[in-house]
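Q: Start from chain A and add chain B according to the hints.
Taken in order, these protein sequences are the chains called A and B.
Per our numbering, the very first residue in the first sequence carries number 322; after that it's consecutive.
Per our numbering, the very first residue in the second sequence carries number 2; after that it's consecutive.
By construction, these hints were calculated from the structure, which means they are not laboratory data.
Hints may be right or wrong, so weigh each one.
Stated by the list, open to error - Derived Cβ-Cβ restraints for the label pairs, each shown as a range: (1) A:K549 x B:H84: 33 to 39 Å; (2) A:N329 x B:E244: 48 to 54 Å; (3) B:S364 x A:E550: 53 to 59 Å; (4) A:S438 x B:K35: 56 to 62 Å; (5) B:K92 x A:K549: 46 to 52 Å; (6) B:A231 x A:N434: 27 to 33 Å.
What the hints assert, rightly or not - Mimicking SDA-like on lysine to any residue, the simulated pairs with C-alpha atoms at most 20 Å apart in a straight line are: (7) B:K355 x A:N493; (8) A:K567 x B:L81; (9) A:K567 x B:T86; (10) A:K441 x B:I118; (11) A:K563 x B:G88; (12) A:K430 x B:G154; (13) A:K608 x B:W375; (14) A:K615 x A:V552; (15) B:K228 x A:P395; (16) A:K563 x B:D282; (17) A:K563 x B:L278; (18) B:K379 x A:S604; (19) A:K567 x B:E242; (20) A:K567 x B:L196; (21) B:K117 x A:D543; (22) B:K324 x A:Q348; (23) B:K92 x A:G568; (24) A:K608 x B:L278; (25) A:K567 x B:V82; (26) A:K567 x B:I133; (27) A:K567 x B:D282; (28) A:K567 x B:S239; (29) B:K117 x A:N435; (30) A:K567 x B:S132; (31) A:K546 x B:K117; (32) A:K437 x B:K117; (33) A:K431 x B:P148; (34) B:K246 x A:R570; (35) B:K206 x B:A101; (36) A:K470 x B:N353; (37) B:K228 x A:A396; (38) A:K567 x B:E135; (39) A:K430 x B:I113.
Yeah, the Cβ is synthetic: ideal placement off N, Cα and C, and Gly gets one too.
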Amino acid sequence: MSIILNKNSRVLVCGITGGHGSFHTEQCIAYGTNIVAGVTPGKGGTKHLGVPVFNTVSDAVKETSADTSMIFVPAPYAADSILECAYNGIKVIICITEGIPVMDMARVKKHLNNLKSQGKNIILVGPNCPGVITPGEAKCGIMPGYIHKKGSMGIVSRSGTLTYEAVWQITNEGIGESTVVGIGGDPVQGMNFVDTIKLFNEDNETRSILMIGEIGGSAEEDAAKFIKENVKKPVFAFIAGKTAPKGRRMGHAGAIVEGSAGTHESKVKALKEAGITVIENLSDTGKIVSSVLKSKV
Amino acid sequence: MKLVEYEGKDLFIKYSIPTAKRYGVIKIGEDISKLKIDEYPVVIKAQVLAGGRGKAGGVKIAKNESEAKEIIKNMLGMTLVTHQTGGKGIKVEEVLVEKANDIEREIYISVIMDRKISSPTIIASKEGGMSIEELAKDKPELIVKMPVDVETGLMDWQARELAYKLDITDKSLFCEFTAFAKNLVKVFINYDANLVEVNPLIITKEKKLIALDSKVIVDDNSLFRHKDIASLPDRESSELEKEAKKIEINYIGLDGSVGCMVNGAGLAMATLDTIKLAGGDAANFLDVGGGANVEQITNAFKIILKDPKVKAVLVNIFGGIMKCDNIAKGIVEAAKNVDIKVPVVVRLEGTNVKEGKEILKNSGLKFEQADSLWDGCKKAVALCK
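Just chain A, same shape as in the assembly (with noise of 0.2 Å):
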């Protein structure tokens, strides 16, 4: 098992044909990931990288029964490709894109929760994110695939190149992991770290838990209460932002302190009161992961 993305997930990209999109498909599809399908208004009937493109979502999915996408659509449409996926069947949305407007996503959401309201759960990974890879069975992402080894560890993280520097570690200790999810690092997003946390609590393959946070919200927050209440298994977190300036927006534009809510002392102290290992350096991610494990074994 694993979660939201295995072998059998049959990946749709919005946006194939585009610079990143082209890069990006080529390097899932040489890591095994099914695509099966690419979307590219005006593109339809054509091929790219030996995948069939379709003009619309719709006659992609019934051509190709996709039930995963990847997006890659620039930023002023991207939130339309999110609907548009949601509206035709597709089930688990994975949006690579940065920089959509805030505005936008709350809309998305907005249709979102009413589908959900309606008996169709869509799973929304994103935007702003690096993806979900499932080492060893299907990548749907802009990770590098390498530095990822099958595992027991689940990852979930509001990074990229951050989670990249943690999940080398926990595979070259040996640990590896089952899946890794990037919730990506906007202030309006699809999963949250309790969401992603709960399927992997749920999943028998995933035997730790990894959550790599950073300053401004309050999901770290919320996600250690849920761990309090439901987490059997062992959970380590790192937050990032310890030194950032209050009030500066740092990259991510939900990474900023606004009045005294989202600081790192805050989610710190949250997480240790629920029993989270916090890890201070992340350089020393591996070492604590695997140290902490052995010990509980």
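A: Chain B only, in chain A's frame:
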């Protein structure tokens, strides 16, 4: 993008939100003679991006022309230090001159994006004037929260409910307020704001509603569809930060001595934290982005080196989208173009890392290579001492 008071009020005026009568804005080098003032007293307000201006001497009342002249002369060019400027001050370059109003009541109202519910939300309190943080601490029971549908906007019944909750029952004021609240939400949604705050919203002795102050922050991601906002001056960024922004490099100047070039915002933040753990302080936050090319790396280098505080540079790249050999080529090219007088520590990991390390090694230039983030931070900090 943070707007100063009068820019925010320009948006209010467009949406029929009542503001105090404006006589004009005066910049350094100008004086009050350019304004036609028909009635005193007037309020003179420093136009800076910080709250708490009043207490710091950035808001003053003038009873006549000579007083106004004196106040404006002193205020323009002064350095304003408020509780929100983080110890440093902000230079006052513009002042806003408005008609003074007699205040009967002050109300707090703002619209924010509530991350928890992914929805615009009104935050209000029948007692205004102090900051929302103070309000939340002192009188949390007075704070009203009302989620707003992002597609419909504030509905009539919500506006009415809000008016009752804020004790606005006077008949003529009631309709004025409900229209105001609906329009404030329109400003928030139509301008893709992260925050629209009116503090205080006042009721005058003449029973008029006036948005006495404005704080508007527009989502940077949305500027492509708000050309009017995008063309306003960027008052938050330093010259160096603006230069970086122009070439799409995410740079924020800090106080330390280790210059940093990192790919990805999260890793960049974590790198600053690790430098601190290694006993040093970063000179900047810099995210070269996912798809940075050789030219962009070169430019990033130039920007970092323009900061005279930088005593060593740490390049920390975990190559995913950006391959390590491209980074290495960028570093070598930059080193050839720019006169680098400080030591450079490079830590590469990821796609094509071997090729990247080879390029650096064979470049004929002197780079200190590091094998891990911790190794790189320790080396860079040591070189600064």
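Q: Next step is simple, just say for each hint if it's right about the structure.
A: We went through each hint and held it up to the structure:
1. Remark: the range hint 33 to 39 Å for K549 (chain A) to H84 (chain B) is upheld by a beta-carbon distance near 35 Å.
2. For the hinted restraint 48 to 54 Å between N329 (chain A) and E244 (chain B), the CB-CB distance of approximately 49 Å keeps it satisfied.
3. In this structure, S364 (chain B) and E550 (chain A) meet the distance hint of 53 to 59 Å, their C-beta atoms being roughly 55 Å apart.
4. Range check, S438 (chain A) to K35 (chain B): Cβ separation about 58 Å, and the 56 to 62 Å hint holds.
5. About 48 Å separates the C-beta atoms of K92 (chain B) and K549 (chain A), a value consistent with the hinted range of 46 to 52 Å.
6. In this structure, A231 (chain B) and N434 (chain A) meet the distance hint of 27 to 33 Å, their C-beta atoms being roughly 31 Å apart.
7. A threshold of 20 Å between alpha carbons decides the hint, and for K355 (chain B) with N493 (chain A) the separation of about 17 Å falls inside it, so the pair holds.
8. Taking the CA atoms of K567 (chain A) and L81 (chain B), the gap is near 18 Å; set against the 20 Å cutoff, the hint holds.
9. For the proposed pair K567 (chain A) and T86 (chain B), the alpha carbon gap of about 10 Å is at most 20 Å, so the pair holds.
10. Distance hint between K441 (chain A) and I118 (chain B) is fulfilled; the C-alpha atoms sit about 19 Å from each other, no more than 20 Å.
11. A hinted pair counts as satisfied when its Cα atoms are at most 20 Å apart, and K563 (chain A) with G88 (chain B) qualifies at roughly 19 Å.
12. A distance of roughly 15 Å separates the Cα atoms of K430 (chain A) and G154 (chain B); the hinted pair therefore holds under the 20 Å criterion.
13. For the proposed pair K608 (chain A) and W375 (chain B), the alpha carbon gap of about 13 Å is at most 20 Å, so the pair holds.
14. Our distance criterion of 20 Å between C-alpha atoms is met by K615 (chain A) and V552 (chain A), whose separation comes to about 19 Å.
15. Of the supplied pair hints, the one linking K228 (chain B) and P395 (chain A) holds, its CA atoms being roughly 18 Å apart against a limit of 20 Å.
16. With a CA separation close to 12 Å, the supplied pair K563 (chain A) and D282 (chain B) stays within the 20 Å bound.
17. The hinted pair formed by K563 (chain A) and L278 (chain B) meets the criterion: a straight-line CA distance of about 10 Å does not exceed 20 Å.
18. A hinted pair counts as satisfied when its Cα atoms are at most 20 Å apart, and K379 (chain B) with S604 (chain A) qualifies at roughly 12 Å.
19. Pair hint K567 (chain A) plus E242 (chain B) holds up; C-alpha atoms about 17 Å apart against a cutoff of 20 Å.
20. Proposed proximity of K567 (chain A) and L196 (chain B) is supported: the alpha carbons are some 16 Å apart, at most 20 Å.
21. Restraint check: the Cα-Cα separation between K117 (chain B) and D543 (chain A) comes to about 10 Å, which is no more than 20 Å; the hinted pair holds.
22. Only pairs whose Cα atoms come within 20 Å are accepted, and K324 (chain B) paired with Q348 (chain A) is accepted, the gap being roughly 13 Å.
23. Of the supplied pair hints, the one linking K92 (chain B) and G568 (chain A) holds, its CA atoms being roughly 18 Å apart against a limit of 20 Å.
24. Among the hinted pairs, K608 (chain A) with L278 (chain B) is consistent with the structure: their alpha-carbon atoms are about 17 Å apart, no more than 20 Å.
25. At most 20 Å may separate the alpha-carbon atoms for a hinted pair to count; K567 (chain A) and V82 (chain B) meet this at roughly 16 Å.
26. Of the supplied pair hints, the one linking K567 (chain A) and I133 (chain B) holds, its CA atoms being roughly 17 Å apart against a limit of 20 Å.
27. In summary, the hint linking K567 (chain A) to D282 (chain B) is supported, as the alpha carbons are separated by about 16 Å, within the 20 Å threshold.
28. As the CA atoms of K567 (chain A) and S239 (chain B) are separated by approximately 16 Å, the hinted pair is consistent with the 20 Å bound.
29. Between K117 (chain B) and N435 (chain A) the CA atoms are separated by roughly 17 Å; this keeps the pair inside 20 Å, and the hint holds.
30. Of the supplied pair hints, the one linking K567 (chain A) and S132 (chain B) holds, its CA atoms being roughly 17 Å apart against a limit of 20 Å.
31. About 14 Å separates the Cα atoms of K546 (chain A) and K117 (chain B), which keeps this hinted pair within 20 Å; it holds.
32. A C-alpha spacing of about 17 Å is found between K437 (chain A) and K117 (chain B), which places the hinted pair at or below 20 Å, so the restraint holds.
33. Pair hint K431 (chain A) plus P148 (chain B) holds up; C-alpha atoms about 12 Å apart against a cutoff of 20 Å.
34. Restraint check for K246 (chain B) and R570 (chain A): satisfied, since their Cα atoms lie roughly 13 Å apart, inside the 20 Å limit.
35. Restraint check: the Cα-Cα separation between K206 (chain B) and A101 (chain B) comes to about 12 Å, which is no more than 20 Å; the hinted pair holds.
36. Taking the CA atoms of K470 (chain A) and N353 (chain B), the gap is near 18 Å; set against the 20 Å cutoff, the hint holds.
37. For the suggested pair K228 (chain B) and A396 (chain A), the alpha carbons sit about 16 Å apart, so the restraint of at most 20 Å is met.
38. At roughly 17 Å between alpha-carbon atoms, K567 (chain A) and E135 (chain B) fall within 20 Å of each other, so this suggested pair holds.
39. Among the hinted pairs, K430 (chain A) with I113 (chain B) is consistent with the structure: their alpha-carbon atoms are about 16 Å apart, no more than 20 Å.
Figure legend: structure checked against the earlier numbered hints; every hint is met.
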